[in-house]
Amino acid sequence: MYNKLKKFTALVLSLIIALSISLTGFAGGDMFAEEAYANVVTFSDCQTYGPGAYNYFGKVLRVLSNDNMPEPDSLLCGGDYTRVLYDYATPGMIQLREQYTKVYPEGNPDDIICIQGNHDLKVNGFYPTGMYDMGTYHLYILNEDQFPWDQGGTSGSEAIVKKTAADIKSSLDRIIGSGDRRPVIILTHVPLHFTSRKSYGDNLYSSYIFSVLNEAAQTLDIIFLFGHNHSGDYDDYIGGSVNYMAPGSSIRIPDYKNRGANGYTEETLNFTYTNCGYVGYAENHKTSTSTNVLTVGVIRFFSDRFEIIKYSDKGFFRSDTVQRINAASDDEMQAETGCANLKRNNESGWETEKSIFEPLVRLFYTILGIFG
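Take the sequence shown: its letter number 70 is residue 70 in my numbering, and every next letter is one higher.
A portion of the hints provided could be inaccurate.
Straight line, CA to CA, 25 Å or less: simulated SDA-like cross-link-like pairs of lysine to any residue [stated by the list, open to error]:
no., residue 1, residue 2
1, Lys59, Gly239
2, Lys169, Lys102
3, Lys169, Tyr264
4, Lys102, Leu360
5, Lys163, Asn118
6, Lys162, Lys257
7, Lys102, Tyr365
8, Lys162, Arg252
9, Lys169, Asn214
10, Lys162, Leu121
11, Lys102, Glu35
12, Lys343, Gly135
13, Lys354, Leu121
To be clear, the hints were calculated from the coordinates, so they are not data collected in a lab.
Based on the sequences and whatever the hints tell you, model everything.
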């Protein structure tokens, strides 16, 4: 009897230890134990009064680095950089660069790609809307000027969104027609799914873009990244501030012919749909299944799948796996991520702004450090 009890106790202890190791590993560095051929960091909505969002971005980036995430191949920011300065985004973009190089001193801050949100004027440092070849993947930058948020309340929005949808279709058709099967990331500020932000339609005409992407996603691996909503009541039904919808999920797409609380149609996603990760604020979640945790995302590229990860300043939060339609080629996996011809709105203007703001931002952080 005593020997049986010893064996049973040993078995229970070994199971507890094994489970503990498994959970500890999964929640930390083991997320990056398998080498991915590309790691893309995602985040959005930095607008707070003061440097809080930028400090949070740096803190989460440090946690990721401590968990053995390699230097990112690129960092994609989905817009909104300030609540002051009359929507002038450049100082915020400089702060992101400073935080990044604190964590990755050998990293290239130009790997941070910032797009325009609804709180951002068009500035020198943004890139024009369009498709860019990033080596390991294609990136479609969709600035808020070409996909405005207040579509139901702004005249001419339907024509703008229809043109944008046509431009996206042309870009995707060229990729498909050439036989190129590298993945495509759509980086935008405004989401596609139905929300109640505006009773007359926050993103009223998003169905034009959704239809184009859903058709192309029968051939290409497409990941749609958005920001804007900060959880709120608007995204509770898809998870709050940390949300993810896999291909095959049912999604509510606004119906511009039927405005109001039920002004949407249920559609089936053919592509991956997730928010970038909010680093400024999230609030007003009301359901037991939603969250208002602030996170930074990572997309890890493997030959047969993508891993979509979210981290908070406390560490690992969530991971989802997407099986690829098209296995990565050897050339694709060996390509260097980046784009030599990715040019900003105004390169010389951006260089001038950097020369002015970078020393000011460094001084700002030095003063903050002195006073705690």
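Hints versus structure:
1. For the hint linking Lys59 to Gly239, the alpha-carbon distance of about 24 Å falls within 25 Å, and the restraint holds.
2. A C-alpha spacing of about 39 Å is found between Lys169 and Lys102, which places the hinted pair above 25 Å, so the restraint is violated.
3. Distance hint between Lys169 and Tyr264 is fulfilled; the C-alpha atoms sit about 23 Å from each other, no more than 25 Å.
4. Only pairs whose Cα atoms come within 25 Å are accepted, and Lys102 paired with Leu360 is accepted, the gap being roughly 16 Å.
5. For the proposed pair Lys163 and Asn118, the alpha carbon gap of about 19 Å is at most 25 Å, so the pair holds.
6. This hinted pair checks out: Lys162 and Lys257 have alpha carbons roughly 15 Å apart, not beyond 25 Å.
7. Distance restraint check for Lys102 and Tyr365: the Cα-Cα separation of roughly 11 Å lies within the 25 Å cut-off, and the hinted pair is therefore satisfied.
8. The straight-line distance between the Cα atoms of Lys162 and Arg252 is roughly 19 Å, inside the 25 Å bound, and the hint therefore holds.
9. Restraint check for Lys169 and Asn214: the C-alpha separation of about 11 Å stays at or below 25 Å, so the hint holds.
10. Among the hinted pairs, Lys162 with Leu121 is consistent with the structure: their alpha-carbon atoms are about 22 Å apart, no more than 25 Å.
11. For the given pair, Lys102 sits about 24 Å from Glu35 by alpha-carbon distance, which is consistent with the 25 Å threshold.
12. At roughly 16 Å between alpha-carbon atoms, Lys343 and Gly135 fall within 25 Å of each other, so this suggested pair holds.
13. With a C-alpha separation of about 17 Å, the suggested pair Lys354 and Leu121 falls inside the 25 Å cut-off, and the hint holds.
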